[in-house]
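Using the sequences plus the hints, can you model the full thing?
Listed here are the chains, written in short residue letters.
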Amino acid sequence: MPSSKQDSYKDQQFKKFWREGEAFIWLSGLGVALVLFMVATLVGVIVKNGAQTFWPKALVSFTLADDSKILGELVQEQEHPHSHVNRYQIKVGNRDLNGVDFKWIIETEIKEQSVPDDAIVLERMEYGNFHGFIKSINSSAITEKTTPLEDWEKVKPLLHKLEAETEDINDEVISRANVMESIRLEILKVRYHKENPAQLERRLKALTLQFEKLMVLQAKARTALIRHTGTFVDVNGREKEMVLAHIVRSYQPNQLGLFGKLGVYISKMFELFFDEPRESNTEGGLFPAIVGTVMLILTMSIFSFPLGLIAAVYMKEYAKPGILLQAIRVAVSNLAGVPSIVWGIFGLTFFVYTIGGGIDSFFYPERLPTPTFGTGGVLWGSLTLALLTVPVVIVATEEALAGVPGDLRHGSYALGATKFQTLINVTIPMAMPRIITGFILAMSRAAGEVAPLMITGVVKLAPTLPLDGEFPFVHLERKFMHLGFHIYDVGFQSPNVEAAKPMVFVTTLVLMGIVIALSMSSIILRNKIRKKYAARAF
Amino acid sequence: MTTQETSVISVKDLDFYYGEAQALFGIDLEIPKNKVTAFIGPSGCGKSTFLRCLNRMNDLVGDTTVEGKILLDGVTDVNDKDLDPIRLRRRIGMIFQKSNPFPKSIYENVVYGLRIAGVKDKKVLDEIVESSLKRAALWDEVKDRLNATALGLSGGQMQRLCIARAIAVKPEILLMDEPCSALDPKSTAHIEDLIADLRGEYSIIIVTHNMQQASRVSDYTAFFFEGKLVEFGHTDHLFTKPTEKQTEDYITGRFG
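As they're listed, the protein sequences go chains B and X. Quick note: the first sequence uses this note's numbering, first residue 122, plus one each step. Quick note: the second sequence uses this note's numbering, first residue 10, plus one each step.
Warning: the hint list may mix true and false statements.
Claimed, not checked - Residues from chain X shown here face chain B by an in silico Cβ test under 7 Å; the list is partial:
(1) Ile-95
(2) Arg-99
(3) Phe-105
(4) Lys-107
(5) Asn-109
(6) Phe-111
(7) Pro-112
(8) Tyr-121
(9) Gly-122
(10) Val-128
(11) Lys-129
(12) Val-133
To be verified - Cβ pair distances, simulated, as ranges:
(13) B:Ala-440 - X:Asp-202: 40 to 48 Å
(14) X:Lys-42 - B:Lys-653: 40 to 48 Å
(15) X:Asn-219 - B:Lys-441: 33 to 41 Å
(16) B:Lys-441 - X:Asp-130: 38 to 46 Å
If you are wondering where the hints come from, they were derived from the structure by calculation, not from laboratory data. We put the beta carbon where it would ideally sit given N, CA and C, even for glycine.
What follows is the structure, given as structure tokens:
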């Protein structure tokens with residue numbers, strides 16, 4: 122067909138395009154780009170929102186049309202869709218005076234706007250931030266008055282001393298209370314065995330008397346502390362007297378230079394990692410939640426990894442292939458797909474009620490009906506997570522063992538090694554990098570689970586850490602805090618969701634950081650092992 | 010085989026099955042002691058299967074059946090159910106087609122068989138490492154890096170390491186399953202020299218596809234075809250004046 126010469130060239134190009142799979146390459150490239158984009162967006166959003174939370178923002182004073190004033194941080198601005206007038210959301214603070222933390226104002230309402238140099242931000246133990254100005258410091262420790270700020274600086278050493286004393290007394294109170302509690306439990310036990318606890322009761326009585334004296338001391342220390350106050354005024358001139366010891370941090374953001382702001386930022390970061398939460402978790406630190414999360418994951422690993430590994434070794438190396446083994450394999454794979462809340466229910470009924478309840482009735486019958494192990498705790502939470510992740514470990518380990526070349530095993534057998542020796546010396550070490558990959562997957566999965574924990578031991582606020590200086594140091598029966606639950610709790614269950622928003626992002630960032638840190642350390646370990654066995658050339 | 014030579018392995022009427030499929034048919038063979046015996050034959054003729062019968066490596070493949078007798082030194086029945094294959098394999102070393110050093114150091118590779126047998130004395134291990142590596146003509150190349158990973162060696166060195174590893178446990182017999190098929194000509198020559206060197210000390214059985222190699226290194230040759238032993242005799246004899254037509258066809262390249 123001479124007329125179709127040009128056509129056939131085009132036609133050929135077209136065919137070549139499809140034959141060489143050009144379209145498919147583009148498609149798969151697009152897939153990778155999409156995944157990258159999603160990951161980058163996720164990380165970007167969390168890092169942006171989380172990292173800027175603690176950066177001190179300027180306090181802006183607005184005089185409105187009705188001559189009322191507001192002083193606060195600009196949170197966001199929006200354009201009204203019809204009138205194209207801007208409106209601003211301002212974080213005004215002063216919840217005790219205003220009743221709200223946030224206000225919306227419309228651009229046209231604003232008569233005047235300024236950035237007052239002496240505006241001060243007070244972070245308080247209660248009622249959120251205070252925005253305003255300092256008027257005076259009222260303290261018996263000040264003999265001659267200078268400026269209020271200088272006065273405050275002068276009082277600070279005294280305050281620190283008093284605070285340290287109060288702290289010491291509080292610690293003493295807690296440790297005494299612990300001792301008394303253990304004696305009370307001891308008495309219960311003695312009574313349970315139908316013996317006379319008279320001696321213990323006398324000791325308890327003596328301790329109780331001491332404790333009451335301590336309580337008086339505590340109250341005294343508190344009153345000594347609250348005697349030092351400061352008078353502050355808000356932007357509308359309302360005065361407010363506040364106990365200086367209840368102010369966690371103060372700064373004048375409009376005067377701060379870059380380094381000053383950095384200082385505030387670092388101090389807040391420090392608080393975040395090493396302090397307890399305040400104000401129903403919306404302020405303060407994450408320390409108990411970080412400890413709880415890390416401990417939960419580590420305990421989970423201790424249960425899950427060895428169990429999964431030996432189960433997989435049996436299935437791959439020792440079990441006789443057949444329908445039964447195949448059925449077990451299918452069952453294990455399906456277990457990996459069971460919704461985590463179902464595991465939670467299982468953990469609650471089996472671990473908490475059955476095993477925990479059993480331990481209680483066997484070892485601590487005198488304490489009942491108050492449960493010791495028969496209630497949620499780190500142990501039960503991590504065991505539940507271990508069950509949840511074991512299928513992942515088993516599947517990965519089986520794959521890893523299958524990937525070890527047969528000629529290596531045969532080489533070992535031919536030298537007179539038994540199956541066990543071959544496994545320990547050759548097969549498992551060779552499979553280790555891929556087994557660790559399975560561990561990493563399991564760990565990440567466990568770190569992200571919240572639902573099963575909510576019914577096996579997580580609490581909003583744990584009075585004690587599962588890890589402390591008290592014998593036996595690790596208290597796996599204790600309830601714990603968890604970053605994932607913290608996010609849910611702060612973001613959706615707190616009384617002031619709007620004010621808690623920054624904390625949600627920060628907590629998410631920290632959780633992400635912990636997961637990445639744990640995975641990275643495993644990856645480094647894996648690469649080390651892999652390097653040892655690499656360069657297997659033929 | 011001349012009558013004055015003793016045999017190290019006597020095979021009598023050996024049948025072998027993979028599941029239902031018979032792979033070896035009534036093999037009768039006397040393998041002479043401290044000589045090199047080559048098994049030749051086309052692919053799939055059963056020579057490797059037969060080799061693996063000798064140290065019961067076929068046990069590791071599920072669903073196999075062996076019938077007939079294999080006697081070691083005229084006494085030990087290889088297929089005896091009560092015989093521990095682990096002990097058997099310490100007496101019969103094996104070299105594989107693909108060199109398979111363990112992902113450990115050179116030193117640990119050589120002492121592997123000793124360690125799993127429970128030898129702990131460092132001095133004994135050191136001595137055996139040196140003597141085995143010298144025996145395998147590898148000592149001079151690796152003596153300065155015994156603790157380096159064995160995976161960094163060249164293909165030929167790896168195969169010699171595998172030979173050192175096998176002779177470290179002092180076996181009586183060495184089985185070699187196409188030990189040079191993955192090596193370049195120079196490394197092959199090295200291994201062949203080594204085999205010539207080990208002759209007289211060990212009874213070596215080598216499976217090979219390369220007929221020049223068989224004629225170069227072996228004292229005796231067995232020709233297998235379709236699961237049957239067709240002919241066995243002195244290598245010189247078999248290659249120059251084969252008695253069977255099939256042998257002649259094979260060695261002159263008419264098939265295979």
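Structure-based check of each hint:
1. Ile-95: Interface hint status for Ile-95 of chain X: holds (5 Å vs cutoff 7 Å).
2. Arg-99: holds, 4 Å
3. Phe-105: Interface hint status for Phe-105 of chain X: holds (6 Å vs cutoff 7 Å).
4. Lys-107: Check passed: Cβ of Lys-107 of chain X comes within 5 Å of chain B, closer than 7 Å.
5. Asn-109: Interface hint status for Asn-109 of chain X: holds (4 Å vs cutoff 7 Å).
6. Phe-111: This interface hint holds because 6 Å falls under the 7 Å limit.
7. Pro-112: holds, 4 Å
8. Tyr-121: With Cβ-Cβ at 6 Å, under 7 Å, it holds.
9. Gly-122: Since the shortest Cβ distance to chain B is 4 Å, the answer is holds.
10. Val-128: Check failed: Cβ of Val-128 of chain X comes no nearer than 12 Å to chain B, outside 7 Å.
11. Lys-129: For Lys-129 of chain X, the interface hint is violated, since the closest Cβ of chain B sits about 15 Å away, which is over 7 Å.
12. Val-133: violated, 17 Å
13. B:Ala-440 - X:Asp-202: 40 to 48 Å: holds, 46 Å
14. X:Lys-42 - B:Lys-653: 40 to 48 Å: Cβ of Lys-42 of chain X to Cβ of Lys-653 of chain B: about 42 Å, so the range 40 to 48 Å holds.
15. X:Asn-219 - B:Lys-441: 33 to 41 Å: holds, 40 Å
16. B:Lys-441 - X:Asp-130: 38 to 46 Å: holds, 39 Å
Comparing the model with each numbered hint stated earlier shows that hints 10, 11, 12 do not hold.
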